[in-house]
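J.: Residue numbers (our numbering), protein chains in the order written: chain A, 1 to 587; chain B, 1 to 119.
Hints in this document: simulated from the structure, not taken from any laboratory.
All figures in this text were calculated on a predicted structure; none of them were measured in a lab.
Here a beta-carbon is modelled for each residue, glycine too, at the ideal position from N, C-alpha and C.
Mixed in with the good hints there might be a few duds.
As the list claims (entries may be wrong) - One side only, chain A facing chain B, incomplete, derived with CB under 10 Å: (1) Lys151; (2) Asp184; (3) Gln189; (4) Glu199; (5) Leu202; (6) Asp205; (7) Arg246; (8) Ser323; (9) Asn326.
Unchecked claim - Simulated restraints, written as ranges between beta carbons of each label pair: (10) A:Met411 - B:Tyr100: 54 to 64 Å; (11) A:Phe276 - B:Arg112: 41 to 51 Å; (12) B:Pro29 - A:Val183: 45 to 55 Å; (13) A:His269 - B:Gln30: 37 to 47 Å; (14) A:Asp184 - B:Pro29: 43 to 53 Å.
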Amino acid sequence: MSIKKRQQRRDTHKPVRPTTVSSAEILPLFEFSQIVNSSLDLPFILNTLLLTTMGKLMVSRGLVMLRRDGDIFEVVSAKGVSSSVAGTRLTIAEPPRGNILLHRMTTKGSDWISFLKELQQAVLHPMISQQRIVGFISLGQKISGSGFEKKDLELLESLSNISAASIEKANIVEELKAANREVDRKLQQLNTLFDLGKEFNLGLDDERVVRLLTFSLLGQIGVMRYVVYLRQNDELRPVAVRLDDRPPLSEALTSLDSLRRPALVSDLHGDDQFKFGAASLHAIGIEAAVPMMIQNELRGLILLGKKLTEQPYSQADLEFIYSLGNLAIISIENVRLFREALEKQRLDDELKIAREIQQGLLPQTMPVIAGFEVAGINVPSSQVGGDYFDVVKKSDQEYIIAIGDVSGKGMGAALLMSNLQASLRALAPFESQLPAATSRMNDLTCANTGLDKFITFFWGILNVETSTFRYVNAGHNLPFLLRSDGSVERLDRGGLILGVMKTLTPYEEGEVSLNVGDTIFLFTDGVSEAMDENGNDFTEERLERLLLEIRNASAQELLTKVKCDIEAHARGVLQSDDLTMLVVRRT
Amino acid sequence: MTDFKINHREGDGVSVIELKGYLDAHTAPQLENAFQTLLNSEKYNILVNCRDLSYISSAGLGVFMAYIEDVRKNHGDIKLTNLSARVYNVFDLLGFPLLYEIFKEEREAIGRFKVRPRS
């Protein structure tokens, strides 16, 4: 083919058979071709086609159908017939590739033929571009009443085919425009997610996060009615409501608890699991439900009412809202975790201070007491219990030996313990009557603490000249007195725990005399209740057996051995309470 | 920080809000406050001039949506003017021209409010 011929072909898209069209008609055809080819405006092209053919062939009625899907054709333009036919969709199975004179067709089995006949159409012609039927043009009778001649039909064919190429071109442009718009819309959605993600990263409070979420629902999707729920204390609570009715009842929501993916309420109706919830949502105009998930757990829910456009929610809408919701819930969760971490940090700091207070209250060095050995140990737990022990010189002959356990843990226990130490040290030099002093300490503790705070306390005065030990036991674990002959006594005289109630009955005083080799072993419940990995206590029985075995050891050795045995018992278990022991041994 | 400013002026029974800069999730609360302030003082004829608005996100659009019902319930309206092509495209994408009247210039919009308070 010569360049010239190829050029011609491209210009006209579909070669017009020049032999069958008279020269007088070529010029108008060329003009028509130029007009429709220069336009990408579909309505304009169709209008020009209809008006030109109707004018040329002197026809008063006509319409154009364009192919939609498969064999479905839609009436897109009509003249001389009711404009209400526009939009009518017809199925034309095996669409004819040449013109059809309708009066020769039987209507049997073909709706489209009867439809056209009703509109007084006489001839139908396909519009073919690149072997493909893009639509049909149909015309009524000529005004003159004469039938269509060969040259009429040839002109119709020429005009149809010229238009077909332009229609195809305009269709492609329309598709591109639609695709472009879809890309723009997706881009806008991504921008929205990015915009919110950026903002949510600032660690906003829940309220602000939800507010931005709803703005995006309003702005991006055009949702005018919605409810946003967040799970608080295991219950879905509405945190943002824009509804004409009351938000749905919690029972309705419970049935949505296992919702894992966004869903249309109309789809939930068919699912037994969600049927109940779906019915009550439908009743208040909710069309879609979107869960907010964290690790496969429903942490929030977005219920969506009608869209501004009244269009149903598309899968793409739901996916977008799902992403948006998850972005929001993750931000809310992150803020919560951050707050928790801060709170934990604060508690850790407090514990550290409590531990420092506690350690500061314990004697740093033991006084040297002629004829006696004294050894003490305190192993604080991570929680900081309220254990306390003390050895204070009262006079040349007398030493105060004390051990106590304050209820509770942490800062509260440490402060109460410091109170106890202060009153002990204040009273010790002046008070030689232990029961009276204990009563005063009890009354002080009662006055200064709440009902939930108390102290188990044991103290005594060791007289080094007489080798006697007078004591009061205020509800503390009974200390062991290990006699050198192998017998065991428990120091049980005293009275009520400190801090429970004002002293009514005076405390009782016990007195024992200590022979050479006798040992007093004082301890807190952290010792007897030290647990092994199966949850079994160390027990006082085991402690007693052990003490009997090692009763001849020095005070320090005795402590070390007991500690080792407890550690062996509680291996691999986190120490849950302070562990305190104090040993006094006559040498 | 994103740059966003709101200027408010009163004239001819219409409250004019001029937006400048980036209206996104971060700055949306500012516009929200501006609308809320107008509603609190019962000013329902609101004209938003977007001449210097360089960007609007869907959170920004959401603020318009959040207030339009209240405003119209009180016989007022929110009308928009002087949208740049870029900003208009976002409005258009999300179907806003169906809901809001958009004008080229302020003076075209000002005459279109229904109820004019007596001054």
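J.: Give a verdict on every hint.
T.: Taking the hints in turn, this is what the structure says about them:
Against a cut-off of 10 Å between C-beta atoms, the interface hint on A:Lys151 is violated, since the closest Cβ of chain B lies about 49 Å away. Taking 10 Å as the C-beta contact cut-off toward chain B, the hint placing A:Asp184 at the interface holds, the least distance being around 6 Å. For A:Gln189, the shortest C-beta to C-beta distance to chain B is roughly 8 Å, which falls under 10 Å, so the interface hint holds. This hint holds: A:Glu199 has a C-beta 4 Å from the nearest C-beta of chain B, less than the 10 Å allowed.
Taking 10 Å as the C-beta contact cut-off toward chain B, the hint placing A:Leu202 at the interface holds, the least distance being around 8 Å. The criterion of a C-beta within 10 Å of any C-beta in chain B is not met by A:Asp205, whose closest approach is roughly 12 Å, and the hint is violated. Checking A:Arg246 against chain B: minimum C-beta separation of about 18 Å lies over 10 Å; hint violated. With a cut of 10 Å, the hint placing A:Ser323 at the interface with chain B is violated, because the nearest CB-to-CB distance is about 13 Å.
Because the closest C-beta pair between A:Asn326 and chain B is about 16 Å apart, greater than 10 Å, the hint is violated. Checking the proposed 54 to 64 Å range against A:Met411 and B:Tyr100 shows it holds: the Cβ atoms sit about 59 Å from each other. For A:Phe276 and B:Arg112, the Cβ-Cβ distance of about 49 Å falls inside the hinted range of 41 to 51 Å, so the restraint holds. For B:Pro29 and A:Val183, the hinted distance range of 45 to 55 Å is not satisfied, since their beta carbons lie about 30 Å from each other.
Separation of A:His269 from B:Gln30 is about 43 Å and conforms to the stated range, judged on CB atoms against 37 to 47 Å. With their beta carbons about 26 Å apart, A:Asp184 and B:Pro29 fall outside the hinted range of 43 to 53 Å.
Violated hints for the displayed structure, listed by number in ascending order: 1, 6, 7, 8, 9, 12 and 14.
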